[in-house]
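Each protein sequence line maps, in turn, to chains A and B.
Here the first sequence is numbered in our numbering, starting from 1 and rising by one per residue.
Here the second sequence is numbered in our numbering, starting from 1 and rising by one per residue.
What the hints contain is simulated information worked out from the structure, not anything from laboratory work.
Check each hint, because a few of them may be wrong.
Stated by the list, open to error - Only some residues are given here: those of chain A computed to face chain B with a beta carbon under 7 Å:
1. 7
2. 15
3. 210
4. 214
5. 218
6. 269
7. 270
We treat Cβ as the ideally placed atom computed from N, Cα and C, and that holds for glycine.
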Amino acid sequence: MNKTVNQKAWFLVLPVLVLVAFSAVIPLMTVVNYSVQDTFGQNVFFWAGLDWFKDMLASDRMWSALGRQLMFSAIILAIEVPLGIYVALHMPKKGFWSSFCLVLMSLPLLIPWNVVGTIWQIFGRVDIGLLGYTLDAMGINYNYTQNTIDAWVTVIVMDVWHWTSLVALLAFAGLRSIPDAYYQAAKIDQASRWAVFRYIELPKMAGVLMIAILLRFMDSFMIYTEPFVVTGGGPGNATTFLSIDLVKMALGQFDLGPAAAFSLMYFLVIMAISWVFYTVMTTIDAREGK
Amino acid sequence: MTDTATPDLNPADSEMVIQKPRTSTRRFRPSGSAVVMFLYLLFLMLPIYWLLNMSLKTNTEILSSFSLWPRNLTLANYEKILTDPSWYMGYVNSLIYVVMNTVISLAVALPAAYAFSRYSFMGDKHLFFWLLTNRMAPPAVFALPFFQLYSSIGLFDTHIAVALAHCLFNVPLAVWILEGFMRGVPKEIDETAYIDGYSFPRFFIKIFMPLIASGIGVAAFFCFMFSWVELLLSRTLTSVDAKPIAATMTRTVGAAGVDWGVLAAAGVLTIVPGALVIYFVRNYIAKGFALGRV
């Protein structure tokens, strides 16, 4: 849509600007403030320069948390994206069953995150949970609070359970926009199922899939509540992801300086990914606008 | 894979038929797709069913025997939550700040989304991007500064504090979703209305808002939802008076171990609001989660 230039439109945006500035800029400035100061308590602060940033960049703790975080995000993307596409391809396209599937699939997305954690905490317990009990009955030694691999598997299956539907719903929205004529043409050409997917469905889904991947990446990158409820970051530090570590540092140990430096670097990474996301969004908008 | 190897046989054909739902007489029949969907939905529903199952059992039954359905059905767990103020006030608190947040978010997002969808102005693209970064900001980064900010202005442990804090991600979300819906309304409608002598506020409320009613509904739903599911900020900003249900749930861990039945019942009750309205937004849910795009 061609837009008119109108500087007065700023007045319409002003309330949002004020509100978000209050809840984003002021807190962020507090973080900046802490990141360059040190304290001996009693609210006496002195200038520490970039020491905290240097400390954090040199600390094993942050790098290992980042490593775990990247591994987690990579694994869940590798599972959720193909699985989501696969499910979307098999969803009924119209009618009652389509709505039925849509509603049931959306359900996990709308459950409070700590309840998601609670559900899986219970589900995985060997004594009272269906999953844990079944695995135990099959003779598999499964214990997500003690064993690192079990903890990882639980957290990943939980995330797949929680968010695959998002990928599936977006892919489904993309599939629904493909005109029937495309499929008819493919049938006349005797295209195989794979060729239909590769040359018709995948290109048409590319835009929404890009959004899905970025959203899943961002959201998994700041995951906190679900693994915290299930494993508490343990056993040891095995499932301590960036946000969990940050909260531990800031609210648990009250190490304000390092936590603030950590926050800012974390935020910069998020900003960079947001920029990619934004570029993708505007490209898609521009393409569809034609 | 086998499809390509045997192109003349049934599998490829039956797949194709499913992709073309043109004939209205087509019935749902047990096909490969149905099996896939059934398995996936089973995977999604099992953990939820298990929670429901546990919420209807007594603690002794949960711990002593393993059963796939409650042997002696009891509603005692729900009764405990709905009669004990320290429990049900958690729901009331959550609802209060969630509703406050939804109202605030929509009120400020509506005009802004209109501006973004209709006009170009200095810095509009940067502003739009900046809003997005707030939606994407990790709550963990903001937990401590929020705590200090709201403590210093005396709003700690009030509903409005949580409502304002959740604006951090809900206002951008509402702006993006509404902008997505508004761009679908042709600009000629605005121009015609202005020619007919409508003032901006009157046009906006009388003509424009009814046109994007579904968009407003969807945006409200998503603001409600994201505020409802968030725990980290709401827990950090409250202690007693405005404590959300999500934080109250940790109370079940007592000296005598965990009260599993009540915990499960509380969990089931938090799923109810989403489950009630999900049907109405089913066709927009992808759009909402994708921030108004798709």
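Hint check:
Given the 7 Å rule on beta carbons, the hint for residue 7 of chain A holds: about 5 Å separates it from the nearest Cβ of chain B. At its closest, the beta carbon of residue 15 of chain A sits 4 Å from a beta carbon of chain B; the interface hint therefore holds under the 7 Å criterion. At a threshold of 7 Å, the smallest CB-CB gap from residue 210 of chain A to chain B is about 10 Å, leaving the interface hint violated. Because the closest C-beta pair between residue 214 of chain A and chain B is about 9 Å apart, greater than 7 Å, the hint is violated.
Interface hint status for residue 218 of chain A: upheld, as the beta-carbon distance to the closest one in chain B is roughly 5 Å, under 7 Å. Checking residue 269 of chain A against chain B by beta carbon gives a least distance of about 10 Å; that is not within 7 Å, so the hint is violated. The beta carbon of residue 270 of chain A is positioned within 7 Å of a beta carbon in chain B (closest approach about 5 Å), and the interface hint is therefore held.
Checked against the numbered hints given earlier, the structure breaks hints 3, 4 and 6 and satisfies all the rest.
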